[in-house]
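2 protein chains.
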Amino acid sequence: MTPSSTLSLSGERFTAVYSLSGTAAEVEARASAICLEQTVEFPEALIPNQAIRTQIVGAIAEIEPSARFSSSDESPNSFEVSIRYPVETAGRELTQLLNVLFGNVALQPGVRLQRIELPPALLQHYQGPRFGISGLRQRLGITDRPLLCTALKPMGLSPAELADMAYRLALGGIDLIKDDHGLSDQIFCPFDERVSRCAEAVSRANQQTGRTSLYLPNITAPADELDARAERARERGAGGLLLCPGLTGLDSLRRLAADERLGLPILSHPALLGGLSLGPHIGIAHGLLFGTLTRLAGADATIFPSYGGRFAFTKAECQEIANAARAPMNGLAPIWPVPAGGMRLEQVPELVRFYGADSLLLIGGDLHASGDLSARCAAFRSLVEPGSQTDSSGNAWGDL
Amino acid sequence: MTPSSTLSLSGERFTAVYSLSGTAAEVEARASAICLEQTVEFPEALIPNQAIRTQIVGAIAEIEPSARFSSSDESPNSFEVSIRYPVETAGRELTQLLNVLFGNVALQPGVRLQRIELPPALLQHYQGPRFGISGLRQRLGITDRPLLCTALKPMGLSPAELADMAYRLALGGIDLIKDDHGLSDQIFCPFDERVSRCAEAVSRANQQTGRTSLYLPNITAPADELDARAERARERGAGGLLLCPGLTGLDSLRRLAADERLGLPILSHPALLGGLSLGPHIGIAHGLLFGTLTRLAGADATIFPSYGGRFAFTKAECQEIANAARAPMNGLAPIWPVPAGGMRLEQVPELVRFYGADSLLLIGGDLHASGDLSARCAAFRSLVEPGSQTDSSGNAWGDL
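From first to last, the protein sequence lines are chains A and B.
Residues 910 to 1309 in the working numbering are what the first sequence spells out, letter by letter.
Residues 910 to 1309 in the working numbering are what the second sequence spells out, letter by letter.
One chain only, chain A, in its complex shape (with noise of 0.2 Å):
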């Protein structure tokens, strides 16, 4: 093995902004002392050689004011950081690639992770989304209109009680009948009884419909039982798969999306892993979060509480995320976003506009407001059909 001092990498780099406030000089100390914290978490002074100091410590390409509170350089202004960090340091693992974006400025306050850019050399150890937008449409048959997205609950329904409310929407026309995320495999109501059932109840609608809906059960899990919660799905007719990356680590997500036998589109929601987006001056830009870093890791639709519902998620930050997921990504998929987290339906013609065609409007509570489940489930799909008020309007499922 070669010793440090004659290290030879390929000088590679991948690209981290951070956002910090401070004066002009205080940012260059700080964003100096990130690059070793990053890499080498050891003391300028101290580090051994020059081949490390040069290859392996991360190197400031650019600080950029981004806000300017004060005309004055001794004042604190808010920078845009940029880091290069040698694609060797990430190896080949995405669970390294948060480590040497993240890992341990994660717990300082003053620097949030704005964005990232990755070149070919690290991301050809990524496959991405299997299925991403067109191979989702492809699937459901579904050339150009937004999706319609719905939930199985209230948990405490029994396995027979959710399918027939499956069968129902499946009916109604809704694209993707997911389990509500809080369904796991609870006594009263166990999931191999659940997604059968379930399943079964989809494609019995299916074959009344002519239509294709998919039944994504929520296979979120402890570390040992995930691969074959998600092969039981499978075997028992789910369309795609519903996990929370959060709970289990990105990296599951992206060992599921790469399981060729598995085969189905994933649906990821944003459980515990959303708190790391709270900012304004810590954690991870919604947009990273929810769109390039989520997609990088193979999901194939990204689940987010929309502005205009119970959370606090503005449009700006609804924006940023659509624009991520979709965005040219040197040849990773674009994936669907999926605005949720009490969304009405009166909101339907907004959420379209604001979106546009390729997202995946997800409905929950809403359509059980008035009692009639089918009426609900026809007004959904009428509001994104062609030929819909929003449609004949002129300006309907325009891109962001």
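Derived by calculation from the structure, the hints in this document are not laboratory data.
Warning: the hint list may mix true and false statements.
To be verified - Residues of chain A clear of chain B, computed beta-carbon distances all greater than 12 Å: (1) T932; (2) L1049; (3) A1225; (4) Q1256.
Claimed, not checked - Label-pair ranges, simulated between beta-carbon atoms: (5) A/T963 with B/S1279: 23 to 29 Å; (6) B/S1279 with A/E1140: 54 to 60 Å; (7) A/N1239 with B/P1295: 43 to 49 Å; (8) A/Q1117 with B/P1029: 34 to 40 Å; (9) B/A1030 with A/R1120: 40 to 46 Å; (10) B/E935 with A/E1140: 43 to 49 Å; (11) B/P1099 with A/A933: 38 to 44 Å.
Glycine included, each C-beta is placed from N, C-alpha and C at the ideal position.
Starting from the known structure of chain A, arrange chain B on it as the hints suggest.
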């Protein structure tokens, strides 16, 4: 399967305590919303039957003012809200327990999860730490003093160079010699070669000194490689394992700890996960995240950034972590608090006074500060050995 209207759960509940701010009326409304959000995720009025309402939905047990900003009932104050959830909602799964405790509300500002109380009916599904404080003392043959820990670094050194460093650290009397958490399986330092060389080096030193130092490789890895890496570490003579559960998922820690065949102490590193602790009005409290939950998952020792270093945790937050790591917890073994993050030799007496004898002191860069590693190790060791200055002062090693 019984219909949900005849649900008959045990009535056993676990408790989550959240801190919320607002007027008394606002906080009560918010607390009711959390009871729904974390279970049925459904509007109260639409819940289909009374059994679900009374047996599935969280119940407010108590709302207590925790800090009073204003004497008026209409002005915002801070409250601690205790919510009791049925044990069956969390099943027997750590992933789902985290989901009920904080899954969706993690995405809402203004709510912080402060602490939890888990009854035996729920704890029965968790084995907890295999070694903990007494198990690790036994393995090392050290009955009373604090333990010494350091990290092999900087990233960029070759396996042979790291092994040489490990040898000198073990000769110098460091008890636990861990990989830096940035070492994974990089091309400049492959996992297998590093582990073989470092384990051999520490074993050779042990033969010379007659003492027991342990080498703990970082096995943080992609989901489909984690088991193999742990197993290869064991085969190659590792004395313990380092894992970053924020990168792999907290349940991967539980799975490794539960693996009897593996049987190695596990040191938990806070990379990424710790981002959830940054508050004050969001996230998960320090003691709960680094103490209770990490211990529940089965870590034997929990690394966290101590006050007095490169990070910004306060003394109170550090004390909260050390307390949660070691306080009685229904039979789960107490674990080692591992204050870290830029600790220096000169701080050791103070750290021992603050954290007590049942603590594991992690000093990295500062051991290399003078160039004479042996002398620094000897100094580190002398500061915690019986007869040291701290000890003779009479107030050393006192528990918190």
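(request) Identify every previously stated hint that the structure contradicts and give their numbers, smallest first. (result) Violated hints (numbers, rising): 7 and 8; every other hint is consistent with the structure.
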